[in-house]
Structure formats: C-alpha cells, structure tokens
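Residue numbers (our numbering), protein chains in the order written: chain A, 1 to 541; chain B, 1001 to 1478.
Check the hints yourself; a few may be wrong.
[Claimed, not checked] Now the stretches of chain A that chain B is said to cover, found in silico as 3 or more residues with beta-carbon under 8 Å:
no., segment
1, 87-93
2, 190-202
3, 240-253
[As the list claims (entries may be wrong)] Over the 10 Å line for every Cβ pair with chain B, so calculated as not near, a few chain A residues:
no., residue
4, V157
5, D258
6, P312
7, A344
8, Q345
9, N428
10, A436
These are calculated hints, taken from the structure and not from any lab test.
We treat Cβ as the ideally placed atom computed from N, Cα and C, and that holds for glycine.
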Amino acid sequence: MGKTYSRKTRLGFGLAMGISAQLAAIGLLLTGAWLIVRAAEQPPVLYLMVAIVAVRFFGISRSVLRYVERLATHDVALADAVEERVSTYVDVDRVAPVGLGDLRSGDVVSRVVADVARLPDRLLRVRIPWWTGVAATAIVIGVIGAIDGVSAAVILVGTGLCAFGLRTIVSRTGRNRGTQVEAQGRLSAEVTAVAISAREIVAYGAQGPIRERARAATADAESAQTSGAGVSGLGAALVMLVTGAMVSVLAASSAGIDPVVIGVILLAPIALAEPMDGWAEAERFRPLVEAAVERLSALGSLSSPVSDPASPTDLPSNYDLAVTDLVAGWDGQPTTRPVSFNLAQGGKIALTGPSGSGKSTMAYTLLRLIEPITGEMLLGGTSTGDLTAADVRTRIGYLGQDDMVFDTTIRENLRIADPQANDGTLHNALRLAGLAALTESLPKGLDTEVGERGGRLSGGERQRLCLARLLLGDHRILVLDEPTEHLDPPTAEALMDDVLALADQSGRSLIVISHAPMVLARFEEVLTLAPDSIRLAGEHH
Amino acid sequence: MLVFPVVIALAFALRALIAWGHSVISERAIVRVKSQLRAEVVDDLLDPRRVGPRPESGRLVALLGPGMDAFDGYIGRFLPQLALAVVVPAMVIAVMTYVDPLSGLIVILTLPLIGLFMALVGLLTRDKVERRWAAMERLARHFSEVVDGIVVLKVFGRRQERGIREVGEAHRIESMRALRLAFLSTLVLELIATISVALVAVSVGLRVVEGHLDLNDAMFVLLLAPEAYLPVRRVGTMFHDSTEGATATAELLDLLDHPKHTGTLAAPTRPSTVRVADLTLTHQGRSDPSLSLAELQIQPGEFVAIVGPSGSGKSTLLDVLLGFEAADEGAVEVAGTPIAELDIVQWRESIAWVPQTPHLISGTIGQNVALGHPAATSGQISAALTAAGLDLPLERQVREGTADLSAGERRRLAIAKALLRIEFGDAWLVLLDEPTAGLDAAREAHVLATLRATGATILVVSHRPELISGADRVVEVA
Chain A
1 MGKTYSRKTR
11 LGFGLAMGIS
21 AQLAAIGLLL
31 TGAWLIVRAA
41 EQPPVLYLMV
51 AIVAVRFFGI
61 SRSVLRYVER
71 LATHDVALAD
81 AVEERVSTYV
91 DVDRVAPVGL
101 GDLRSGDVVS
111 RVVADVARLP
121 DRLLRVRIPW
131 WTGVAATAIV
141 IGVIGAIDGV
151 SAAVILVGTG
161 LCAFGLRTIV
171 SRTGRNRGTQ
181 VEAQGRLSAE
191 VTAVAISARE
201 IVAYGAQGPI
211 RERARAATAD
221 AESAQTSGAG
231 VSGLGAALVM
241 LVTGAMVSVL
251 AASSAGIDPV
261 VIGVILLAPI
271 ALAEPMDGWA
281 EAERFRPLVE
291 AAVERLSALG
301 SLSSPVSDPA
311 SPTDLPSNYD
321 LAVTDLVAGW
331 DGQPTTRPVS
341 FNLAQGGKIA
351 LTGPSGSGKS
361 TMAYTLLRLI
371 EPITGEMLLG
381 GTSTGDLTAA
391 DVRTRIGYLG
401 QDDMVFDTTI
411 RENLRIADPQ
421 ANDGTLHNAL
431 RLAGLAALTE
441 SLPKGLDTEV
451 GERGGRLSGG
461 ERQRLCLARL
471 LLGDHRILVL
481 DEPTEHLDPP
491 TAEALMDDVL
501 ALADQSGRSL
511 IVISHAPMVL
521 ARFEEVLTLA
531 PDSIRLAGEH
541 H
Chain B
1001 MLVFPVVIAL
1011 AFALRALIAW
1021 GHSVISERAI
1031 VRVKSQLRAE
1041 VVDDLLDPRR
1051 VGPRPESGRL
1061 VALLGPGMDA
1071 FDGYIGRFLP
1081 QLALAVVVPA
1091 MVIAVMTYVD
1101 PLSGLIVILT
1111 LPLIGLFMAL
1121 VGLLTRDKVE
1131 RRWAAMERLA
1141 RHFSEVVDGI
1151 VVLKVFGRRQ
1161 ERGIREVGEA
1171 HRIESMRALR
1181 LAFLSTLVLE
1191 LIATISVALV
1201 AVSVGLRVVE
1211 GHLDLNDAMF
1221 VLLLAPEAYL
1231 PVRRVGTMFH
1241 DSTEGATATA
1251 ELLDLLDHPK
1261 HTGTLAAPTR
1271 PSTVRVADLT
1281 LTHQGRSDPS
1291 LSLAELQIQP
1301 GEFVAIVGPS
1311 GSGKSTLLDV
1321 LLGFEAADEG
1331 AVEVAGTPIA
1341 ELDIVQWRES
1351 IAWVPQTPHL
1361 ISGTIGQNVA
1371 LGHPAATSGQ
1381 ISAALTAAGL
1391 DLPLERQVRE
1401 GTADLSAGER
1411 RRLAIAKALL
1421 RIEFGDAWLV
1431 LLDEPTAGLD
1441 AAREAHVLAT
1451 LRATGATILV
1461 VSHRPELISG
1471 ADRVVEVA
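Turn these sequences into a full structure, and let the hints steer you where they fit.
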C-alpha cells in the first residue's frame, strides 16, 4: 500500500497520526482527571457517561494511532536510507580508487554501513518528536487558554523554557557525541586492518603492539562515550524539573478557580511531560545524527581524480591507440618518463621496466582511472580527454596483479563481465584461462563459493579466474599487468599462447606489462619504462 | 498554603536527580561492557593460538558498529528495565491495596496477562529479528566488497547502484517485517494496560459517585495505577532492542568460538629437522583435498623448493607449518615433536614468513619492516631494505592493506622484514610463498643470494625456474 502514495503524503500522514496520538494521550489523562473530580460532586451517573466514553476512546485511539504513526514514519525513513546509501556509493564510485585521500577502506565501509544506518534517526528520533510534540503542546495550550488565560501562560512559559533549555544547554554539551562517531570510525578502520593482516602480525609476534593500538582506539571510543554519559540523562532530568516547577506554580496561582478545572489544569504539565520527553530524547540523538550526516557529506565533497568533459564525444568504433609523450604519476608527481607508442587495431606491445618504474601507474592512466601528468592519448583518433572515462574503459580492459575476486560463486564472479553469459560461454572462458580442470573437480562446479577475496582459491586459480573474467568482457584493448605471476612455467607458456591466439582471433589489441623474459620474448615491440631511457626494442634489431 | 507547591517542586526535583543518576550509571556500564567486548574481539583476532580461517572483515564491521549499538538497547535499557518491571509493580500494588483493596486486586489480576502476552511475542519475533540482522550483515559485506573491488567494477562498467539498492531494499523489507511485529506487540501491550487502567478508573469513579470512596484516595489510586503497568510496558517496547542485542551477542560468541592451540612444549631454538608425512587437508566446500603430501623432510640449512600446479595446496602447506591451519590427517613435526604439541608462539619465533599477498600495517615503512624485531636500529632496517632491493624512506607513512605500495614493493618489504628477523631475531626457518613474483630477474637473483647467505633453512613455494634451479632439492606436490 505504501508504494502507491508519494513520500510527502506518507510522511504527512505519519505526522498527523503522531500528533493525534500525543493529543489522545494528553486527552486521556485530562478527561480522566476531570471525570474523578466531577464524580466527587456526586452528579447523576448519566452526566459522567460522555467523559467515561471519552476516556475509553482516548485510551484505545492513543495506542492505535501510535502504531499507525510508527509504521508510516519508519517506512519513509528506511526508504530514505536506501536512497542515501546509493548516493553515498555514487560519491565513493566517483572518487575511488585514487581520490579517497586519507580515508581508510574500513572507515569508508563504516561510513556507508553505520552512518547510513543512523540516518533514519534524523527523521524518526529528532525531527518527528519535535514536530508532533510542538503541535500537540500548542493545541493543549490553546484549549487551556480558552478556560483560564493565566494557567495557559504559565504552561506556555514552562514548555518554552524547557524547549529552549534542551536545544541550547543539552544539545551544546552533547556535541562530543560527534567525537564518539569519529572515534567509532577510527575503531572500525583499526579492527578491519587487524582482521586483514592478523596472520602476518601473529606470525611476526607483533600482536602485542598492534593489540595496544587497537586498544587505544577502543579506549578513545570509550572515553568519548563515558564523558557523554553525564549529558545523556540531562534532558530527561530537565523535563522533570520543569514539570515540577509548572505544577507548583499552577498550584499557587490557581486558588479560587472551580475545583473541577483545577484538577484538569494541575495535571496538564504532567500530561505534557510526554511530548517534552520526546524532545529530550531527540536532543540526545541529535549530535550523533548530525555527526553521521557530516561524515557522509564530507565523502560527497571529495574532488574527483578524473573529470569528464562537459559534452563528451561519441566513442569511435575504431580502436587504434596513439600515445604521445604520456607521463603517469600520482598527486601531480610523475613516476614514469614520457612514453610514446602506436598500437594499431589488433596490435601487440609489451611494457617492461625495473620494479617501481611505474608500470601499474601507467596502466591506471591508460584506463583513465587517473589523469596523465602530461601527454596525450588518442583512441580511434579522438583524444581520450574528449571521451567519458567510462567510455574509454568499455574499450580498454585491465587485468591487475591482485584483482578483486568477489565473495560469491565462480559464476557470479564471471558474470560481472557479461551478465547475460550462459554456462557454455562461462566454461569456454574458464577453459581459455586454463581453469577448466578446477571447475570440473568441484562438486558444485560454477556454483562454488570462492570465499572472501577469493580466499578459498589458490593464488594461481584466482589470477586465472580474473583472466577468464576479462576474456568474457567486450574490451577491444586488453592491458594485462604481470599475467603469468603465480603460474608455473608450463601453465604460463600455455596461457600466453592462448592469450595471443585469442587476441588474434578476436582482433583485440594487447598491452602486456611484464618482466618475465618468457613473456617479453613473444612480443616484437617491447617498450621499456626505465627511468632514463625509452627505446623501442624492435628498432635496434 | 505555600507548603504544597514547594513539596511538589522538591519531589519532582528529587525524581529528576535520581533519573539523571540512573542514566549516567547505566550509560557508563554499557560503555564499559562494549569496550570489553571490542577488546575481546581484537584479542581473539590476534590470538596466536587461533586455528582456522579468519572472519570476514565486512562481518566484523557490522558487528562492531551497528551490532554494538544494539547492546545499548539491550544492556543499557532492557536489562535495567527488566529489574524495574519486577520491583516497581510490586511496590505499587502493595500501596494501592493498602489504600483501596479492590483496585489492588484488579491490578494483580490483569498484570500477568501482559507477561503472558510478552512471552508469546518473544517466540514470534525471534526469527524476524535474526533475519533483519542477517540482512544488515549482507549489506555491510556487499558494500565492503564493492569498495574493495571498485577497479574491477569500473573496468567492466558495472555500476552497483542497482545492487546496492536491491540489498538495501531487502534490508528495509526485513526491517519493516520485524518492526511491524514489534510495533504490533507494543500496541497490544498498551491496549491491555489501557483497558486495565480503565477498569480501575471506572470502578473507582463509580464508587466515588456512590460516596463509598473518598476523592483524595480515588485521585491517588488513579494516578498510581498507570505506574504499575508502565515499567512492564516499557519492557515490551524495548523488547525488539533486546532481541537485536541478543542476536548480536550470539553472533559475537559464534565468532569467538573456534579451535585453539593447546600445545605447551618448548620449540627447538636451533635449526632442526622439519618432517611432514601423509598430510591431507580438505577445505570447507571442496570434495578434493586442498593439500595432500606423502613425505617431506627438511634438514637444517637446506634450501628446498616446493613445486606443483596452481591449486595443489602449496600455500596451504605453509599455513600448516605456521600452525594457522590444522591438518585433517598426518604428521607435522619439528625435531620429532608434533607442531600441535609445541608452544605455538615460541615456534613461530623460529620462522620468517613471506606470504603470497603481503599486507601493510598503517605506520611508517620502518615500522613495517621492524614488525618482527622492533628493537632493530634504523641502520639495520635500511640494510634489510637495501638487501631486499627496495629503496624507500623509512619515515614514509603508509596505510594498511595493499593500496600504498605496488605488489612488487610489498613483497620486497616482506622480504626485508623476513631478513631482519633471520639476522637479528631467532628465526632459522624461512617460508617463502612466491617471494620474487613481481621482481625483475636481476633483483630476484640478488634477493636469492642474500637469503642463501644467511644460512637459514629455506622452504620456498614457487613457479620460477630461477628459484627452483637454485634449490638443493625440489619436492613436487600433486
């Protein structure tokens, strides 16, 4: 039923129910008081019937209204969170992998999981209690004003002071809740780090100092929370103080009024304690919620490492690649020398160079995951700067050294490249990558779960699964970064044979980054990324 | 006449003070319990005696973040409220019975209904809350995978908006399912309480009209009656907090429940023979053993290469020697003593290990290299780095994981770490898993020569012909 109404309607409905529920609760107590005091005057029972019915009505409607309110508002808030999570992902996707700055991956995950989970509280536990509480209180003050102006003024001042006190004193002293959220983020990052490298830490007997570090993060989170403990109950205490003050002032000021009315007026502050308690609770949550919102918006304001042109050119179908004086690097610091090469459609080239000469950085630049420091790349005659980065990557594919294998089945890992692929196609890709024997030996075949980061596969199996995945994609230019690492020599030879044959068959271009002599020997054109000399090996033959 | 207002104000002030004190004390208690639990999880992750696979990081983040927040509701509010729910109604009933026995009787008869109903609700909600929690975990895991795999996803142009929306939507639906039931139970509890109070009110009211009950007593009873139900109702509304907290607790205990090393024998401190015989180990979800090795003996000072096709369990063999995994069958012995009987911490002091995918810890390069030998001087650290063929400033800060250095650089850093431990620590056995992957031929030769020069016993797992040809002996695993 929720889907047929707009968010606004559903929220409005929820609010109306919330205000009504609060009024019903207040009405219950006040008509109850009126009933008893009036009864003491011993009128005929018939006179009391209306009040008796009203008490029952308020009693039942309070619970029912509250139930409907909670369902309606929770539905809205949880749906908001789903959208918020998606937009946070869009933020991360925009800047990752190189634009996340100093954010640690555990921290990013904690932001998306924990902070987004906290966002519904902004509506449910901060805004709605204020909105419904203020509306219900205003209505009650109006009604009492019609009976006795002085009492209404006392209640107006009392509830006003309470609201002011909660918003300023309690909310301000509660600011350190923000520190709590920060501390929590650090803690998540620390624990994630420990979880990932626990074996190496333990193998080197370094668990002591690392444990101390995690302990320190835990202690930070703890002390931030402990110092917040004094504030947490302050709001509720303030509400009770104000309620007491209002009752005693009303008791002193209402002498001489009709006793039946006094009974009702004296109970009004106690009835209004319910919405005021709601405000106190809201202020307890506000800093937590605000800190979460701030952290999420900080993620949104990170700048993109690659910017797309305002009006991108259409992707040319030709995939000749011409690279002129391209320098790759991070944060404006070049890590390679200028590189120039031409790779015609279906051509093959190898990049080599000593460890640390920026081969992988060059690969990221070719994929437009980072902007080149200087130089130009033409794809099919169009500068890659005039294309969207996503378009460039539909042409240029990449196999890295420790590529991510997702914690799902072999089938789903492969389908990332081609969601429509049938089992025959998948098996064929696995065969080409030399993995056919593995899936045949597994009882569940393609449905075998590979574990977190592919942990249930060996290093070589992981690498070949990634290769099979790449082969399934539509890319016309494949950049392979050390494709034969982790493979035994016969498998590596076979793999290179297959890759080269496959490239020839399908007309794909190949850029292979490697320093294995066996790999380089298969390329006519080998480009060295050495810091000081760039030469085409072929020219010297 | 002024006494009454002052007494009222004082009574409220006293109640405010007590309520505040209650909240401070309970909040502090939660904080302490939570940080103890967190410390326990970290300690467990870093427990050297832990055997078996490490828990997934997404699961940990969900458990230590939102999972711990569930404890707030459970330990901080539910449990204290449970105590109140027992004590307060009893006191209220006693006072009410003294003032007006009939009202007291009505409360005594209606209160058990609430308890009965709550027990029923508990049985019903349990399963829903567990499913909600599972959906939450799925969400955390999914997102942490997406963040880690963002390069792959970008290469294949697979934006994950839809996936994230779907997993989020599943979580929303499970949440609404759990909440609907929780809210419904609150509704019914409130209705029972309201009707009970109405019973008291009507009986009191009618007796006042007939003149059988004094107005003061009637007012007193009417104001007191809801207080008898309030703590019990609160327990009801907090119930879904509590089940979530209880689910998180169960999850946490499950995490901490795994086999441990119990061995206490002293490990040999000088180079000794390592022997493996008839070893098999089958990983979860596989029908074929991940590792199957008939016989392997390594003499002190030997350089043994292990070869075999990818997936033949070469890395698993190293895990078994390090005591991270326990073999299903077979013998793994050092100087004739099974590894399982050794003090595992002491045994690992004899080992320098270079894993296939080395990770960094956040800190400086120097701290990373000196991980196994923190007493090392900066001169010793630099020497180890140079020997491993890596030229990086010791003070450079790196973040944990794999992001800040290339795979080759991380491997060389791990080799430097191992060298430091052999030369200045107590390690005599070197376990190398594809140590020179990502290194060029010249650097590889250099690293090998350095390792051999230490005189340590070396067990290397590799495909590299250069490494294999340099070995004293080559053992094949199938």
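Structure-based check of each hint:
1. 87-93: holds (count 4)
2. 190-202: holds (count 12)
3. 240-253: holds (count 10)
4. V157: holds, 15 Å
5. D258: holds, 15 Å
6. P312: Correct as stated: the minimum Cβ-Cβ distance to chain B is 15 Å, above 10 Å.
7. A344: Consistent with the label, A344/A stays out of reach of chain B, its closest Cβ about 23 Å off (over 10 Å).
8. Q345: holds, 20 Å
9. N428: N428/A clear of chain B: closest Cβ-Cβ about 18 Å, beyond 10 Å.
10. A436: Non-interface label on A436/A holds, nearest chain B Cβ at 12 Å vs cutoff 10 Å.
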